[in-house]
Amino acid sequence: AQRVTQPEKLLSVFKGAPVELKCNYSYSGSPELFWYVQYSRQRLQLLLRHISRESIKGFTADLNKGETSFHLKKPFAQEEDSAMYYCALNPAKGAQKLVFGQGTRLTINP
Amino acid sequence: ETGVTQSPTHLIKTRGQQVTLRCSSQSGHNTVSWYQQALGQGPQFIFQYYREEENGRGNFPPRFSGLQFPNYSSELNVNALELDDSALYLCASSLSLAVQETQYFGPGTRLLVL
Numbered sequence: 012a013q014r015v016t017q018p019e020k021l022l023s024v025f026k027g028a029p030v031e032l033k034c035n036y037s038y039s040g041s042p043e044l045f046w047y048v049q050y051s052r053q054r055l056q057l058l059l060r061h062i063s064r065e066s067i068k069g070f071t072a073d074l075n076k077g078e079t080s081f082h083l084k085k086p087f088a089q090e091e092d093s094a095m096y097y098c099a100l101n102p103a104k105g106a107q108k109l110v111f112g113q114g115t116r117l118t119i120n121p
Numbered sequence: 002e003t004g005v006t007q008s009p010t011h012l013i014k015t016r017g018q019q020v021t022l023r024c025s026s027q028s029g030h031n032t033v034s035w036y037q038q039a040l041g042q043g044p045q046f047i048f049q050y051y052r053e054e055e056n057g058r059g060n061f062p063p064r065f066s067g068l069q070f071p072n073y074s075s076e077l078n079v080n081a082l083e084l085d086d087s088a089l090y091l092c093a094s095s096l097s098l099a100v101q102e103t104q105y106f107g108p109g110t111r112l113l114v115l
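First to last, the protein sequences are chains A and B.
Quick note: the first sequence, position 80, residue 91 per my numbering, numbers continuous.
Quick note: the second sequence, position 40, residue 41 per my numbering, numbers continuous.
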């Protein structure tokens, strides 16, 4: 069965410090992995996807198939990064059936 | 361009009742997915509709059913409501089924079952 685990429900770091939000997955095939973000009073939105290998708002995520991880990283946290972050896996080709983790609430302290 | 909209925003029902939630997809999007998000949890996939046909279903009982209309708007129906159905219901639309297409989420409908 496909599963996404985000081990930290809450993460608090100081502004300017590095941030790493952990995500581990279980899936037997080649996964499509995503990070979604929900800022306060806003709707859930895509932050980045591994297939694009892009950096959005300074965030990057590398797929490590050996460790089955897709951790989200940013070298210098900003206050506006405070939000709820969800890691998600799409196990289906030709469909979008996202399997989400429980989410990590990131708080950036000034 | 109009984003994904959902109605109603909030709803209170009693156990055993039936409920219909509505979703208008973003302009030009033919694919709609529904998710249930219980408090403190991530969204859980219910089902997806593509061009008016169901295209996959998550681990939800048959009392969760849906429809997609020719204009690609969608409904989620839940019969015989149970207390555990209390959750935020999210609708997401995308341009197509392709994995690289972004899913755009609506604001959700918060359902409380008493």
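Derived by calculation from the structure, the hints in this document are not laboratory data.
Treat the hints with caution; some may be incorrect.
What the hints assert, rightly or not - Selected chain B positions facing chain A (in silico; Cβ < 7 Å):
no.: 1; residue: 20
no.: 2; residue: 46
no.: 3; residue: 57
no.: 4; residue: 60
no.: 5; residue: 65
no.: 6; residue: 108
Computed from a prediction, not measured in an experiment: that's the story for all the values here.
Where is the CB? At the ideal position from N, CA and C, for every residue including glycine.
Tested hints:
| no. | hint | result |
| --- | --- | --- |
| 1 | 20 | 21 Å, violated |
| 2 | 46 | 5 Å, holds |
| 3 | 57 | 5 Å, holds |
| 4 | 60 | 10 Å, violated |
| 5 | 65 | 15 Å, violated |
| 6 | 108 | 5 Å, holds |
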